[in-house]
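Whenever a hint applies, use it, and build me the whole structure from the sequences.
Chains as they are written, first to last, in this note's numbering: chain A, 411 to 829; chain B, 411 to 829.
Hints were generated in silico from the structure; no laboratory data involved.
Wrong hints could be hidden among the right ones.
[Said to hold, decoys possible] DEER-style ranges, computed between Cβ atoms: (1) B:640 x A:485: 45 to 53 Å; (2) A:648 x B:506: 48 to 56 Å; (3) B:429 x A:609: 18 to 26 Å; (4) A:609 x B:519: 33 to 41 Å; (5) A:485 x B:484: 30 to 38 Å; (6) B:486 x A:602: 36 to 44 Å; (7) B:506 x A:573: 50 to 58 Å; (8) B:523 x A:586: 36 to 44 Å; (9) B:485 x A:584: 32 to 40 Å; (10) A:574 x B:423: 43 to 51 Å; (11) B:731 x A:794: 52 to 60 Å; (12) A:574 x B:756: 42 to 50 Å.
[Claimed, not checked] Computed, partial: chain B to chain A, Cβ under 7 Å: (13) 460; (14) 499; (15) 545; (16) 708; (17) 710; (18) 711.
Ideal placement from N, C-alpha and C gives every residue a C-beta, glycine not left out.
Protein chains: 2
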Amino acid sequence: MTRTASILAVGSELLGTTRVDTNSLFLTGELEAIGIRVVRKACVVDGWDDLLAELSFALTRAPLLCVTGGLGPTEDDRTKEAVAALLGRKLIRDEEILQRLRERFQRRGREMPEVNAKQADVIEGAVVLPNRRGTAPGYLVEAEGKTIVLLPGPPAEMKGVFAEGVLPHLTRGGAPPGLHRRVLKVVGLGESMVEELVRPVYEAHRGHDVTILAVAPGEVQLHFAARGTPGEAGGELDVLEADFRSAVGPALFGRDDETLEGVVGTLLAGSGLTLALAESCTGGMVASRITDVAGSSAYFVGGAVTYANVVKSEILGVSPATLEAHGAVSEEVAREMAEGVRLRFGTTVGVGVTGIAGPGGGTEDKPVGTVHVALAAADGSRRHERLVLPGDRAMVRRWTTSAALAMIRGWLLERGELD
Amino acid sequence: MTRTASILAVGSELLGTTRVDTNSLFLTGELEAIGIRVVRKACVVDGWDDLLAELSFALTRAPLLCVTGGLGPTEDDRTKEAVAALLGRKLIRDEEILQRLRERFQRRGREMPEVNAKQADVIEGAVVLPNRRGTAPGYLVEAEGKTIVLLPGPPAEMKGVFAEGVLPHLTRGGAPPGLHRRVLKVVGLGESMVEELVRPVYEAHRGHDVTILAVAPGEVQLHFAARGTPGEAGGELDVLEADFRSAVGPALFGRDDETLEGVVGTLLAGSGLTLALAESCTGGMVASRITDVAGSSAYFVGGAVTYANVVKSEILGVSPATLEAHGAVSEEVAREMAEGVRLRFGTTVGVGVTGIAGPGGGTEDKPVGTVHVALAAADGSRRHERLVLPGDRAMVRRWTTSAALAMIRGWLLERGELD
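In structure tokens form, the structure reads like this:
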């Protein structure tokens, strides 16, 4: 039996041109994990008739309905009132909730505005779901074989009320088997190349949806899932993951919340090496990603952004003759930048990046997207890669940062194997 | 008369945990501009019964329904079939569309797969809306006083078909008055401060919705709109904008698509000055933003990311005595970084940034979020600002980049006034 659910987000602000409902992504993941599939979701303005029609239709589509938003204190907040009207139930003021509301305001040194009192009104027969992060509690109502869950709109409150109030209710008889997701991350291979590498794996494991997503320039993700209890599904996902890892090889760098900069950071921290970066076309983006990681000061010493040729020479010691002979975007300059920044910043590893991000500056020999990445280490190791990247300025720059991080990672991994 | 619309996005991939329907944001803006308000939107899996129920309900809620997705060649693509079934109309194969499809494939050196032939099936009585960017044309069907528009799912195709096929149809009698939006951008003031400054303005101009959004750390946006023809609304928006500008003052830096780094770049390019950056806690993020702008090499020479103290001294010439006496996160060090990077990189302006981004490294005197930004120019100008920023590492870092860019902008504006 697959159970199904419908999600409804209430609020005119969700029908404008800037905001999307992201609460439904969280709810979908949580519901899938306990075997409930979301078959539709909607956003509706806070008009009374619109709200009633939408609630009423949603209940015809799935036995579980999660509603977010419209539980606040203002006149536009009428989700609770609409559900009560639809079910023909009364709203009853709950003195205990009212008291807690007043106390909440008092703790912040304010008196409760009278409009907030309506947040203490409970739909007859509903279970009140406490909200530790805000004033609006959630509600769970069962009627005519359907379950309606009302959740506050602010994401932190919605997540808290769902985890603490709704999930325990939906899993009363023990956690049912559900859909458990896993994400593997790949750097430096295109979508179609990853597809080719992993096809034999997912063809051997029929029944698993595998999605390949190009999430950022230079990075591709493999999304897959397994059904079952967390234990069963986890075991299956481990088998799939192992097979994907051997199919994709070293380009597969991480899983779920891991980032490329985080993985590189862990390897650097473990190696005891120190890093300096010399960037031209990426203009500091590689350093930004490295320093996104808390604790990166343990291995990252610093870097130079050398946009003008004169500072490539003066700050990094790139030979003016090399610049003259090969141009700023060349293997030779990238190599001298890597070694130069390593020496000037006194580190064991240096990386140099130079390229043409566009939109201008391309030539026939060196079109926009031409990038050179080089690595130089104190032990004499040298690496170099030339790329011709597709896309616009932002895409070329972002892709180059991933290529630079991937080079550091690749070198550290090989070095580790030699030890 | 306010006309209303409903939007439906079809596709099981929109009911997962990663993708949201963003097509509806574009459609909402386009419809608002011609006086049509979107009152609801929904996403539905591609099951036949689900699709029929959803289409049928949507038509009860508004006279215009825009459907995106489900026009592709696969078995899961059944939007057209469902609309035909709902209206009791036939699907008729159109030989001209079929021919164009075959030619499209031929131009790419491939034969058309037979499954694609169904993309040439037209709902009886529908207007075919050509798609220059993909294989699936759009359709416009009128029935029982309702208008149903079917658009392909890929955003570029959806936008093209809407602009070229739907908009001309909806505005046949001339562009009706609609809602026209404008965005103003503010740096360095909090949401509540902006609210306080602009309240007198929007209270004086009743009838305009004004929304204040904190879109990124350190940056706040004012969204507002006016109704009317493009000319009328534009005039009203200009009046509002002028009043907002004088209420907010110089912190208001841009409008609509303008970015802070773009505005700073334009000012720098116009001034003939050159810039170098010295960054510690932001780790290259200020340089990243400066170099996001195409053509930034005209004024940006380069920068140093000096994470370790020793490179603050060796690369920038910050005095070890200053570092010892005041610590790396201090006004004195920020000032020496700014002047040092200016001298070492040979520019007319230098900016230095040092701070504690966290999560570790805070003390009682210098809590996490403490940041110093300084500017030094060849004409002897000096600026310094100390901030104590809220939020996590990412937020402190991002906010600091905006503060640094705002300092450059503020100094350039004052300098311009003195000239």
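A quick look at each hint next to the structure:
1. B:640 x A:485: 45 to 53 Å: The hint (45 to 53 Å, Cβ to Cβ) is violated, given that residue 640 of chain B and residue 485 of chain A are roughly 33 Å apart.
2. A:648 x B:506: 48 to 56 Å: 54 Å, holds
3. B:429 x A:609: 18 to 26 Å: Because 22 Å falls inside the window, the suggested range holds.
4. A:609 x B:519: 33 to 41 Å: With Cβ atoms ~23 Å apart, the hint is violated.
5. A:485 x B:484: 30 to 38 Å: Distance hint for residue 485 of chain A, residue 484 of chain B is violated at roughly 47 Å.
6. B:486 x A:602: 36 to 44 Å: 21 Å, violated
7. B:506 x A:573: 50 to 58 Å: Holds, since residue 506 of chain B and residue 573 of chain A (Cβ atoms, about 56 Å apart) stay within the stated range.
8. B:523 x A:586: 36 to 44 Å: 41 Å, holds
9. B:485 x A:584: 32 to 40 Å: 37 Å, holds
10. A:574 x B:423: 43 to 51 Å: 30 Å, violated
11. B:731 x A:794: 52 to 60 Å: Once the Cβ atoms are compared, 41 Å apart, the range 52 to 60 Å for residue 794 of chain A and residue 731 of chain B is violated.
12. A:574 x B:756: 42 to 50 Å: 60 Å, violated
13. 460: 6 Å, holds
14. 499: With Cβ-Cβ at 24 Å, over 7 Å, it is violated.
15. 545: For residue 545 of chain B, the interface hint is violated, since the closest Cβ of chain A sits about 19 Å away, which is over 7 Å.
16. 708: Since the shortest Cβ distance to chain A is 10 Å, the answer is violated.
17. 710: 5 Å, holds
18. 711: 4 Å, holds
The structure fails hints 1, 4, 5, 6, 10, 11, 12, 14, 15, 16 (numbered hints given earlier, in ascending order).
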